[in-house]
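There are 2 protein chains.
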Amino acid sequence: MASGTDRRPIGLFDSGVGGLTVLSALMDRLPAESTIYLGDNARAPYGPRPGDDVRAFTLECTRWLLAHDIKLLVLACNTATSQALPEVRAASSVPVLGVVRPGALAAAAATRSGHIGVVATTGTVGSGAYPAALGEVAASLHVTQLACPRLVPLVEAGAREGAEVDHAVRGYLGELMEADPAIDTLLLGCTHYPLLRPLIEQAVGPRVAVVDSAFSTALAAEDLLDALAARAPDGGAATNLVYTTGDLAAFEVVADRIFPGALPGVEQAIVTAD
Amino acid sequence: MASGTDRRPIGLFDSGVGGLTVLSALMDRLPAESTIYLGDNARAPYGPRPGDDVRAFTLECTRWLLAHDIKLLVLACNTATSQALPEVRAASSVPVLGVVRPGALAAAAATRSGHIGVVATTGTVGSGAYPAALGEVAASLHVTQLACPRLVPLVEAGAREGAEVDHAVRGYLGELMEADPAIDTLLLGCTHYPLLRPLIEQAVGPRVAVVDSAFSTALAAEDLLDALAARAPDGGAATNLVYTTGDLAAFEVVADRIFPGALPGVEQAIVTAD
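Quick mapping for you: the protein sequence lines, in order, are chains A and B.
Heads up, the first sequence stops at 273 in numbering that gives the first Met the number 0, and the numbers go up one at a time, no gaps.
Heads up, the second sequence stops at 273 in numbering that gives the first Met the number 0, and the numbers go up one at a time, no gaps.
Pulled out of the complex, with its shape left as it was, chain A reads as follows (with noise of 0.2 Å):
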């Protein structure tokens, strides 16, 4: 909506791919501001990592992020968000979101039930930073989480639809609804599962709503940047930098199974320890 002054990048960090789902969102509610984008390829997945490698590396990428002059950081990655926002809230000069609460408060103003079911990798569930999160707003909500660890790779492989992903979403969801038939409210608490979205809202049916923590942390940006006053100009040119630490081929060879053709050109990172 509003119009403003400040061109400053926002910056956006993921372990790898999966945040490209944000930055797509953000991308598109906001195609005024411009963004950079660091995947840690080099370290990824964070998942089985231990919560101090993951605070560490997440540090060290989120300073490589904050030297770029940005404005707003987000962490587009379940794991750092759920073992790493505060300690980088606590060292960032500029303002931090995560993706946990945004995706948490739209599925707690979506349920009616009060039933709400959570699906994310192995280590999101393990965290618990979901039903945290979805305490917090409310103390009377049930929550049930599933892993799906079959859905990141059939996404990254370049699955979006076909017998063998659709028969992994059903299966999964199946397992979900059974574990609690109230639900009517499921939260994708992993920045790959938005790309599975049509199979998922099959899966479920129409009277499970289902929430893309994705979609609502990029209204938690735009909330922010409006709130701060620091919205780029309407019609700026807009420059959108994907930067990664791994192997750059191997990163655009998955990004373009993820938003193929859509991608900026992808650019090598040099992160480092203080």
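Each statement offered as a hint is correct.
Calculated pairs, SDA-like style, for lysine to any residue (alpha carbon to alpha carbon, straight line, at most 25 Å):
no.: 1; chain 1: A; residue 1: Lys70; chain 2: B; residue 2: Ala228
no.: 2; chain 1: B; residue 1: Lys70; chain 2: A; residue 2: Ala90
no.: 3; chain 1: A; residue 1: Lys70; chain 2: A; residue 2: Arg28
no.: 4; chain 1: A; residue 1: Lys70; chain 2: B; residue 2: Gly3
no.: 5; chain 1: A; residue 1: Lys70; chain 2: B; residue 2: Ser2
no.: 6; chain 1: A; residue 1: Lys70; chain 2: B; residue 2: Ser92
no.: 7; chain 1: A; residue 1: Lys70; chain 2: B; residue 2: Val136
no.: 8; chain 1: B; residue 1: Lys70; chain 2: A; residue 2: Asp5
no.: 9; chain 1: B; residue 1: Lys70; chain 2: A; residue 2: Ser2
Partner residues aside, some chain A positions facing chain B, computed with beta carbon under 10 Å:
no.: 10; residue: Pro85
no.: 11; residue: Ala105
no.: 12; residue: Asp183
Calculated directly from the structure, the hints in this document are not laboratory data.
Even for Gly, the Cβ is constructed at its ideal location relative to N, Cα and C.
Mind docking chain B on chain A? Use the hints.
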């Protein structure tokens, strides 16, 4: 969730007493935060006034709040939000939240049918602020508004239940639901209406989710303080100050009807043009 070190108060502005529901939600969600509330009762209600007056008065009052070293400014007033938010943001040295967008986001998340009803004062309905904010979240939403001019006087007269207010609520909501029977989400677009929530929920029945801008705004304030790492310390001594530009005794009479026994003492504020 987070504990911080920023003890500065949150400033809240309303044309009168309605914003006390936002103050109440904030005090409930953020008991460690100090607050300072200013009601411009000397010039209330703002609804019938020309936009230029609303903007001038709102800027005068928010300057008064900013002079009290606040860390966040909340326009706890639908009229001020819909008519003066961009001007206040441009003039403010601290982040500014309005009540319209948080309610709109929650309603957009809550609806399944895509049909949302908005009840508000005549002025807020006429401003089109809620349809505009809902349209920004999702262009596909169908929004039906209804002005309910009898409700504010009833609330300010102390009516929270009983035949007269129940009849008024049922009459308005019956008319709204008849205008669009597909409405499944009702947005309370006036800061007084949360006080009638039990009656409103009974009138619309369990199929319709009731979304309250006051609560949504308190959640948004929480998010903003967290993103900025600007929370007060947990367990600190929060102070909650309430000022009015109008008659103290009259303010207290109405405020006590709304929040019996729960209000801090009210002080006189002198607000001047530049």
